[in-house]
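Mind the numbering: the sequence shown is residues 1 to 515 in UniProt numbering, read in order.
A hint or two may mislead.
As a list, the in silico DSBU-like pairs of lysine-lysine whose alpha-carbon atoms are at most 35 Å apart [to be verified]:
no., residue 1, residue 2
1, K74, K238
2, K446, K435
3, K190, K459
4, K69, K206
5, K120, K74
6, K130, K206
To be clear, the hints were calculated from the coordinates, so they are not data collected in a lab.
Nothing here was measured: the structure is a model prediction, and the numbers come from that model.
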Amino acid sequence: IGIQSPVALLYDHLSQVLCRILDERPDNAVDVFEDISKEVKHERFSKKLDTLHEETDVLSTLEIAEVQKSLFVKNPEAEQEDVRGFESPLPNIMEMASSFEQAGVGLCRDEMFHIFLSIKQLVDMVPLKKCRLWGKILGIKGNYIVVEAEYLEGEDDEGMEGENEGEEEEAEEMQEEDESAERLPKSAYKPPPSVPKEENRTGVNKYTYFVCGEPGRPWVKLPMVTPAQIVGARSIQKFFTGFLDTPIISYPPFPGNEADYLRAQIARISATTHVSPLGFYQFEGAEDEEEEEEEEEEEEGGAAKDTFEENPEFEGIPPAELIESLSNWVHHVQYILPQGRCVWVNMSQKKEHGDEEEEEEEEEEEEEEEEKDEGADQAQPEVGPPLLTPLSEDDETDIAPWTARVSSSLVPQYSIAILRSNIWPGAYAFAGGKKFENFYLGWGNKYVRENYCEELVPKPQAEYPIGPEINEVDDPTLEEEERMKAELEEKRLAEEENEEEEEDAEEGDEGDEDD
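Input sequences plus hints: build the corresponding full structure.
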């Protein structure tokens, strides 16, 4: 690429200035020469407009400002509730932001305040018992601000019942269509039964999550997550687009759209990275150590504890001790089993129960299947680490799962302990005094040591047994054909000789009988 010399550029500039003076013919050309020169320079960088002017697009910042106007409007009903003394579930977002700011984590104060006001709108509209800022997940075209909430008792049951009724109506319509359609031959293949999802307020569906793209935009409630979605999310890795209705195109195929994938990733991140200082939580009803030991012995043969409460006697752990040993941190979210649930379900029993209801006529086949599934009935249940397990017991695969440090080594008396997850980049936790908090700011993907590669397509299954009768055989050579002809000729001559000998022997036997 050629580069013009400064002399050529200066010549072009002076030519344009002189042409401008000759066209306009000002009275005092010498006095306005510098002004005309500046105007010519500015015209070089200005875009020449067409005769038909297009409508200028509104800036995105202006659109966001218009949306965020509603955040600064006072709600008189909410003010009356506060005056009456109702306990508001609205968290102190700015206090949390100040703590994470000491560690260099989080968003700017303006954005955090806008999120604070947006969460206030959510609390005013939805009857919530608890609410906290879960974090922010980044996307290619848009981001997601995630809020973790818990409804008041009985408030969210109506919506779930309506959804179930709609699903039942759709199922009935499908059955009617199947009955009216022509009867076609049915496939003998029976897909394995799907693992049932956990009920609301339990397991991975313990909390409800709301998301929005920008503060001021409407909050959207994410659907409940299913075990199939969690298992599918483990085998793929996708970037979010910022649109909840975007289909997830991947292999293995994911059962849902981006809203379902987002909910599954939130459940996985929460189960791995939500931690608290040792002693902040305790199991409900655990008063003495002896009683706890007795309950643990009973739990070994039964279900694990899934409920806990704050310990009123917790006095806090110094930051120096929190960063010295990971044993001072514990997980307070249930572990997700490989099945995709927090509580294991024996699918072999469900399969037998379904077969008895749907296929009562095929008794012989059921008996054979039961004999084959005897080993599956004795399968051991999946068991994960219990709640409030120390972080020191986390598995170390490729890297250390956690990195701990203090916010300031120069002023240790006012510093806080910061914990960063290396398994899920972007997940942080802090603890100082009697307070702690978890926050996520990242792309929603798990750390992988090597570049991500999708699973290969499985090899095609054999449609029928391959035997020697259908194997292709190589054509014989000329020598092999002559050798084969010679062998066949020898066999033919030998058979003829044997036949002649047998005929002679039979004739001799007949002559002896006549004599």
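_35 Å limit on alpha-carbon distance, applied to hinted pair K120 and K74_ = holds (11 Å)
*asked:* Can you confirm whether the C-alpha distance between K74 and K238 stays at or below 35 Å?
replied: Since the Cα atoms of K74 and K238 sit roughly 40 Å apart, the hinted pair is violated (cutoff 35 Å).
*Does K190 pair with K459 here, judged by a C-alpha cut-off of 35 Å?*
Answer holds: K190 to K459 is near 20 Å, not above 35 Å.
*asked:* Tell me if the straight-line CA distance from K130 to K206 falls inside 35 Å.
replied: Distance of about 12 Å is within 35 Å: holds.
*Do the alpha carbons of K446 and K435 lie within 35 Å of each other, as the hint requires?*
Cα-Cα ~27 Å, so holds.
*Could you grab the alpha-carbon distance between K69 and K206 and see if it respects the 35 Å cut-off?*
Given pair K69, K206 holds - Cα atoms ~34 Å apart, limit 35 Å.
Of the numbered hints stated above, the single one contradicted by the structure is hint 1.
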